[in-house]
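For the record, the sequence lines run as chains A and B.
To convert, take the position in the first sequence, counting from 1, and add 7; that gives this note's numbering.
To convert, take the position in the second sequence, counting from 1, and add 7; that gives this note's numbering.
Please note: incorrect hints may appear among the correct ones.
Each pair may be met inside one copy or between any two copies, as identical chains are not told apart.
What the hints assert, rightly or not - Here are the computed lysine to any residue pairs in the SDA-like style, where the Cα-Cα straight-line distance is at most 20 Å:
no.: 1; residue 1: Lys71; residue 2: Ala58
no.: 2; residue 1: Lys309; residue 2: Val70
no.: 3; residue 1: Lys41; residue 2: Lys103
no.: 4; residue 1: Lys309; residue 2: Leu164
no.: 5; residue 1: Lys309; residue 2: Gly22
no.: 6; residue 1: Lys251; residue 2: His303
no.: 7; residue 1: Lys109; residue 2: Leu314
no.: 8; residue 1: Lys248; residue 2: Val180
It should be emphasised that the hints constitute simulated quantities derived from the structure, not laboratory data.
Protein chains: 2
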Amino acid sequence: MPHSKEVMVGIDMGGTSLRALVVDGENQILAIEKDATNPALKPDAIIRDLAGLVEDVMRSAGVKRKRLRAVSIGAPGAVDPVHGTVHNAPNLRWKKVALRDKLEALVHVPVFVENDVNVGVVGEHALGAGQGAQELVGVFVGTGIGGGIISRGRLYLGSRGAAAEIGHTILLVDGPRCGCGNHGCAEALASRTALERDVRAAIRGGEKSLVLEIMKERGKERMTSSIIQRALRRHDPVMTKVMKRAQYYLGILVSNIVNTLDPECVVVGGGIAERLGEEFVRPIRQTAYGYFLRRHDASRVKIVPGLLGDNAGSLGAVVLARQRLKEAA
Amino acid sequence: MPHSKEVMVGIDMGGTSLRALVVDGENQILAIEKDATNPALKPDAIIRDLAGLVEDVMRSAGVKRKRLRAVSIGAPGAVDPVHGTVHNAPNLRWKKVALRDKLEALVHVPVFVENDVNVGVVGEHALGAGQGAQELVGVFVGTGIGGGIISRGRLYLGSRGAAAEIGHTILLVDGPRCGCGNHGCAEALASRTALERDVRAAIRGGEKSLVLEIMKERGKERMTSSIIQRALRRHDPVMTKVMKRAQYYLGILVSNIVNTLDPECVVVGGGIAERLGEEFVRPIRQTAYGYFLRRHDASRVKIVPGLLGDNAGSLGAVVLARQRLKEAA
């Protein structure tokens with residue numbers, strides 16, 4: 008069986024959905040399958056779903072099962088990639104789950120586990136907006152704000168594997184309370200959760216806004232990226248103002264990252280960036296450049312939206328697994 | 008001439024003083040000489056002073072001139088280590104000075120130039136408080152706040168050579184104005200300059216303080232580290248309060264660094280840290296640990312005062328020059 012015929016399955020595990028794809032040796036996507044996750048299920052049941060999804064997506068790709076080399080998963084929360092365990096994933100209500108070992112017992116090929124944002128950043132670096140950069144930082148804005156660092160071309164994990172938690176760097180000492188318990192974190196200022204908090208507060212304060220109406224129309228209880236996009240398209244004054252402020256904070260977050268790490272490239276990813284692209288990133292870039300200590304060649308630092316959208320995590324998981332298989336060989 | 012008999016001269020160039028030392032192949036200090044810098048002098052005159060200082064310190068060490076292998080300088084401000092130029096050093100009023108080439112023409116041995124904080128961090132990493140760490144960050148608190156990053160055991164410079172400018176990361180959006188023109192930088196909140204601003208403002212506001220009296224006694228116009236130390240020893244209420252707030256900000260700065268880079272060790276250096284040691288660092292550490300996203304093993308990240316004091320920069324300059332000579336060989 009020649010290596011070039013081998014395929015890999017990459018899976019992005021979210022709090023609400025699973026996304027799996029089959030990729031060949033040239034990183035071409037052969038098939039994609041999605042499934043809902045039910046956080047009410049116990050870990051073992053979700054892991055059985057994962058194993059089922061692997062078989063489904065392999066069938067969709069029309070690739071013989073014996074050609075599957077490995078499965079690689081981006082999982083939310085605190086992950087130990089060495090042991091393949093998920094320490095703590097609040098969205099899934101997981102604590103200390105031996106994801107790798109349990110899934111290997113079901114799929115009978117090597118399984119790799121890494122943090123979901125880290126694999127997203129690896130994906131954008133290897134195949135997306137950050138190709139060729141030796142030093143790159145990814146900033147993923149969603150329910151929270153996650154980050155990933157590429158240093159000398161490789162994923163940087165830090166001494167405890169706790170690096171790149173940029174969503175919990177403080178931008179505003181004694182600012183709004185964050186889910187982590189501290190105050191003034193970037194995540195408490197500029198995540199989708201913070202945007203929704205600020206929009207609802209403005210509406211409660213009597214400001215006119217279409218947001219609740221749009222949510223009702225679309226049958227959504229939460230202010231998703233698509234709701235944000237619609238409200239901006241309809242020039243909703245509250246959404247426009249709240250988004251502008253969040254972009255200002257994100258610009259400062261990016262400049263803090265650049266003043267610390269001076270990467271070649273910052274990729275802004277996640278649901279809002281995917282929908283709004285350059286419209287979302289332009290004001291972030293403008294603010295960031297103004298806050299660089301070294302401004303005369305600021306534009307050498309590229310600040311760009313991600314290119315891979317929903318596939319960043321699962322593609323990055325595959326890229327990372329291939330590196331790890333090579334290292335182990 | 009065996010290698011082990013070779014010596015190096017390391018120089019730390021400050022805005023107000025030059026400090027040179029001769030070091031043997033085992034990093035033992037053979038002699039130290041100091042000289043005042045006069046920022047009113049033109050760069051060429053200061054460079055002639057540097058050359059004179061090299062001869063003086065070699066004489067003090069009693070080492071034959073032909074045993075001098077290289078001179079290595081930590082210079083303040085924006086430095087291009089590849090070309091050995093000082094781009095911009097406001098304290099010295101230097102702009103685009105070809106320090107390496109001009110000094111090599113006078114001393115006739117290779118000259119290396121690096122940023123003063125970077126060499127200080129290299130010194131603490133190689134010979135001081137951060138020995139053995141693969142990932143380390145130095146935070147130097149003085150007139151400003153500078154930083155340096157060691158990654159995989161080596162000085163990390165970033166893609167433009169602009170990394171580790173942690174003094175200009177924003178901790179308090181729209182906070183007090185910084186010398187760099189932005190607002191809310193760590194340097195504008197917790198440097199010695201910020202401390203002095205806050206102490207003077209409190210006194211102007213009618214708060215009782217011994218600080219101005221102590222400055223008069225000691226014949227100082229600026230609130231130096233020794234003035235700070237004396238005021239704290241005498242339980243000056245304004246100094247105690249202002250210092251406590253600065254330590255809180257520095258704790259948050261350190262936690263931002265750790266949440267981003269997850270190093271094994273953070274070395275807090277500079278004049279105040281040198282004088283106050285653990286008394287200065289303890290509250291910084293306590294605040295930082297409370298702001299780590301990953302807290303259960305927070306104490307694995309060491310947060311310690313520097314050990315080398317005034318010698319950190321000149322020793323680090325020598326260590327770095329030795330690495331660069333080796334790489335070039």
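Here is how each hint holds up against the structure:
1. Lys71 to Ala58: Answer is within; shortest intra-copy Cα gap is 16 Å, inter-copy 73 Å.
2. Lys309 to Val70: The answer is neither: 39 Å in one copy and 50 Å across copies each exceed 20 Å.
3. Lys41 to Lys103: neither (25 Å within a copy, 57 Å between copies)
4. Lys309 to Leu164: Between copies only: 17 Å across, 22 Å inside.
5. Lys309 to Gly22: neither (31 Å within a copy, 34 Å between copies)
6. Lys251 to His303: So Lys251 and His303 fail the 20 Å test inside a copy (26 Å) and across (36 Å) alike.
7. Lys109 to Leu314: Cα proximity of Lys109 and Leu314: none, with 33 Å in one copy and 48 Å across.
8. Lys248 to Val180: For Lys248 and Val180, only the inter-copy Cα distance (17 Å) is at most 20 Å; the intra-copy one is 22 Å.
Of the numbered hints given earlier, the model fails hints 2, 3, 5, 6, 7; all others are met.
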